[in-house]
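One letter stands for each residue in the lines below.
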Amino acid sequence: MSKQIFNVCLYLLLVFQSSFALAGNTAFSPLKETFPAANFSLNDINGKTHRLSDYRGKVVVLNFWATWCPPCREEMPSMERARKKLINDDVVILAVNVGEDEDTVFNFTGDYPVEFPLLMDIKGKVIRSYPVKALPTTYIISTDGLVTHRTLGGREWDNDKLLDELRRMQHKPERKQ
Amino acid sequence: MAFIQYAFHMNLLIRPFSRYHILLFTVLVSSSSITQASGVTTGVDKQAKLPYWQYENGAISIRFIQRLPDQTRGYFMARGFSADRSELIAGSCVFQTVFRNISKTTTPVTIDYDMRNWQTIQNGHTGQPVIREEWASKWNKLNITVPAKLAFNWSLLPTTQHYQSGDYNWGMATFNLTPGSRFDLKLSWKQSDEQHHIVLPNMQCAEDLQIDPQG
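Same order as they appear, the protein sequences are chains A and B. According to the working numbering, the first sequence is numbered sequentially starting from 1. According to the working numbering, the second sequence is numbered sequentially starting from 1.
Hints listed in this document are in silico derivations from the structure and should not be mistaken for laboratory results. Do not rely on the hints blindly, as some may be mistaken.
SDA-like, lysine to any residue: derived pairs with alpha carbons at most 20 Å apart [claimed, not checked]: (1) Lys32(A) / Gln191(B); (2) Lys32(A) / Thr145(B); (3) Lys104(B) / Glu56(B); (4) Lys186(B) / Met172(B); (5) Lys186(B) / Gly74(B); (6) Lys125(A) / Thr145(B).
What you are looking at is a predicted structure, and each value in this text was computed from that prediction instead of being measured.
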């Protein structure tokens, strides 16, 4: 009996430790002051041009990353799972690679296959137009082009709580007639 | 008689627990960390397999993991630095840093730091970390290529940062100290509106180990 109690305690200890390790990685923080998202035009690794303004009316998850950044790599698979779960929603994920070339990013996709656009900011011009201090940093841009939220470090992007928050943001507040 | 009864009783109690105690002990010790006073721990980082120094208080967690000079040379040479330029970085004292705001979303706090307020203390002499902006000015003078400068800039821990609950960064922290040297690091940060300080004692820059191929 005592052994069983001990087993339960040990199990709870381990569960608590693992859940604590994930705690905090399923939320993004609202900015104190929103700001207009700087428009940009970047090519993806297939040479297709993407303008941020093309996505006006949708919620944009704008991620800045690099292949050599461990937390960036870590969150990529969950971003791809989130993309699949949000396929019928007006939410898009754009991942801006900072300072690397197409070959490096193309090789990366061999290990981390994703279908959302991987945009090439080779000279780092776009990242300089956002107040980014470290990688990965992700901004959430509202349907009307305002940066409203930010995350530093990786997140579990396919977490239900986080997906619900993104889905909620795609609905514009009703305006009074 | 009483002693025999006591021993018998204890044996019954202890025997079924012994291997579980060993298991628990193993679980708790497996992190190979030594907890010191006031939330400072040291040990060997599981991933890097190199020594670390860490402070944690329920809101902030900051870990400094040694980086071998050879790791740093290889890393930056792979990102466009020449051998002699990468030597400038490898020859200083480099730590991989993991800085986290671990406060719970139910009781969130904000964390703000400025590396210019951090201090190294070595044999009574104080110094400061070498921050991004100082390196950037050096690289501009040495005509380092744009991709190499970008890789370097984003690889370093930012000079200042603001973290909300769940936020974290990885980044290299560099100090103007020689490989192998020991020092204390005085950290300061703002936790919501409260200023905090802690000293990580007896940190050590990684030795510049050169393996002789002749054995």
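* **Hint numbers contradicted by this structure** => 2, 5
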